[in-house]
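Visitor: Here the protein sequences come in this chain order: A and B.
Mapping the first sequence onto my numbering, position 240 (from 1) lands on 256, and the numbers just tick up by one.
Mapping the second sequence onto my numbering, position 37 (from 1) lands on 36, and the numbers just tick up by one.
What the hints contain is simulated information worked out from the structure, not anything from laboratory work.
The reader is advised that the hints may include incorrect statements.
Unchecked claim - Which bits of chain A does chain B cover? Going by a derived footprint, with three or more residues having C-beta under 8 Å, they are:
#1 60-68
#2 196-202
#3 305-318
Values in this document were obtained by computation on a predicted structure and should not be read as measured data.
Built from N, CA and C at the ideal position, the CB exists for glycine as well.
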Amino acid sequence: MSAAAETPLPAPGPGRTRRSARAWSRRHPVASMVVVRIALGLLTIFAVSIVIFLATQALPGNAAYAVLGHSATPQRLAALEAQLHLNRPLTSQYGSWIGGVLQGNFGTSLANGESVSSLIGPRLENSAVLVIGAGIVGTLLAGILGLIAAARRDKLFDHIASVIALTVTALPEFVVAIALVIVFSVNLFHILPAVSVIPPGTSPLSDLNALILPIATLALVIAPYIFRMVRGAMIEALESDYVEMAELKGIPRWRVLLVHALPNSLPPVIQVVGLNLLYLAGGIVVVEYVFNYPGIGAALVDAVSDRDIPTIQFIVLILAAFYVFVNITTDVIALLASPRRRATR
Amino acid sequence: MSTGPEIGAITALPRVGRMSSRPEWLVILGRAARSRRGTIGLTIAGFVVLVAIVGPFVAPHSPTAPVTETFATPSGSAPLGGDVLGRDVLSRVLAGGWELLAIAAAATALGVSAGVALGIAAAYYGRFTDALIMRLVDVFLAFPQLVFALLLVSVLGPKIWLIIIAVGISHAPQVARVIRSVALDVCERDFVKAVELMDTPARRVMSGEILPNLMSVVMVEVGLRFTYSILIIAGLSFLGFGIQPPAANWGLMINENRIGLVVNPWAVIAPAGLIAILTIGLNTFTDAIARASLGVDRPAEEVVMATGIILDRSA
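Just need the whole structure built from these sequences, with the hints factored in.
Guide: Structure below.
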């Protein structure tokens with residue numbers, strides 16, 4: 017980071033620890049960057065928790081009244097306010113919430129009185145399967161098509177793939193999902209379930225049929241971005257001097273593509289794959305709802321309908337933490353994958 | 000621009016190369032609209048916008064009154080059949096678009112102006128202001144946009160003003176990041192330094208000198224954010240947190256009619272198709288603006304790659 021670029025100044029007096037920290041970060045630029053990013057990430061999550069808290073418990077308009085709606089009697093209001101700690105000052109409300117979170121106690125669902133963690137825990141695995149599955153399928157699909165399109169730049173395949181990518185990019189995921197349901201489960205063919213039934217306690221992997229449409233939807237939604245980036249990065253690499261050199265040496269075309277051009281186009285592609293994993297964190301909300309898939313996205317929709325504030329707080333916090341985690345990870349991987357970038361930092 | 004006669008020579012500097020007196024963004028918009036891609040996109044999106052605006056006046060039936068049986072198949076009086084409550088699908092499709100467009104336009108205006116202001120301020124003031132704004136941006140970026148809207152809607156309920164604010168706020172950090180990265184270069188240019196030497200107030204420098212040089216990027220952002228606004232707002236309606244029933248709304252229609260997909264698929268296909276056509280058209284036109292503003296007829300990401308900015312999807 018910046019410390020590595022500065023010229024070493026003899027720090028006077030009490031700067032000894034600071035000086036050794038700087039010396040350390042100069043010697044380990046990647047490690048120090050990772051440490052800084054993790055610290056900033058934790059700070060971000062902390063700030064995120066404040067935003068979540070303010071949006072759910074401190075907005076004008078009483079949260080307890082919002083939960084009870086027309087059935088609010090003074091007694092029930094008072095009872096719920098006590099349960100949500102709404103009768104205490106804001107800082108103390110926040111303190112007791114975040115204190116519980118840090119100890120793994122995420123509160124009690126207002127919808128059915130169970131603890132939020134027992135309600136959401138099993139659903140986390142289901143959602144993780146969706147996100148990872150869609151990430152892998154989408155990246156592979158887009159990567160292979162992007163490679164071919166770049167290798168056949170301005171040929172028919174490239175034009176068709178690019179137009180399709182531009183078209184699919186714009187579609188909302190519920191439209192993609194409904195289109196798949198129309199084609200594969202209800203109107204044209206009847207080969208895949210329109211609703212993903214996963215009985216509680218079973219792994220989502222035990223019935224792969226239930227996974228195909230949700231994963232296909234999410235993969236289709238993220239693939240165009242990755243495709244465009246792979247294609248762009250590969251074209252840039254293919255126009256470079258080292259690729260021309262390799263071709264002039266008579267190295268086979270496939271080898272030039274895969275061994276010479278591909279590794280150099282990886283860093284921006286990794287960033288875009290990361291961005292799309294982040295996009296999936298929002299995408300699962302709609303897709304799980306469409307397919308009635310028992311993950312945290314569908315749980316968020318239910319919780320918002322029920323105004324189940326503790327559950328909403330927990331799920332949004334998880335999604336935000338996922339964002340921070342993926343961001344740090346992709347940055348570090350992209351950094352490690354690119355010698356040039358590492359040198360300039 | 001108010002260019003007083005005595006300083007005209009200096010403030011005119013950045014605009015030397017320009018032949019016409021039309022502002023740059025209009026030139027780019029015109030060039031985009033005339034390109035093949037732009038014409039196609041504009042025509043497609045324009046068709047849907049026309050349907051949404053003219054629709055309520057030409058609908059044959061009331062969008063909320065039952066006129067057929069539940070999920071009736073298409074007939075003479077109801078060309079697209081009936082919906083879940085026996086209402087005329089065609090009338091509901093015609094009536095259900097303008098609110099989506101109006102809310103999306105308002106959210107886009109709010110989000111892009113806030114993002115542009117934050118991005119320019121961060122780039123121009125630098126140092127502490129920059130750090131503060133960008134850390135704030137990082138915090139808000141951690142929320143998926145739809146999730147952020149759901150978070151705000153959860154306590155206050157689905158109100159139109161709240162949806163506009165929620166979607167607008169969720170756009171702002173994305174826009175701010177893009178604008179800042181471009182504005183950093185502009186702030187270093189000589190004409191900005193020259194105007195600063197004349198004791199021009201900071202606000203005038205930012206709005207009068209820096210902003211006009213960012214207009215092509217701002218235009219691309221407007222197109223992009225308008226498309227995303229439609230995706231998010233239609234998505235919110237689909238989930239039941241947008242415009243409330245019985246009012247007609249394309250997102251809501253898809254959800255309430257999908258149980259009758261076997262009987263009358265048109266009740267789902269019509270609204271879903273219109274949303275799809277609209278967003279495809281807008282996205283194609285935005286792509287044309289991006290190409291026109293870069294001055295090359297190549298996919299924007301190829302040029303973007305070379306400049307090191309990463310295209311970002313963020314809905």
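Visitor: Taking the hints in turn, state whether each one holds.
Guide: Okay, the hints, checked on the actual structure:
Against chain B, the segment 60-68 of chain A contributes 6 residues with a C-beta closer than 8 Å to a partner C-beta. That satisfies the three-residue criterion, and the hint holds. Given a C-beta distance limit of less than 8 Å, the hint that chain B covers the segment 196-202 of chain A holds, as 3 residues qualify and 3 suffice. With 3 residues carrying a beta carbon less than 8 Å from a beta carbon of chain B, the segment 305-318 of chain A meets the three-residue requirement, and the given coverage holds.
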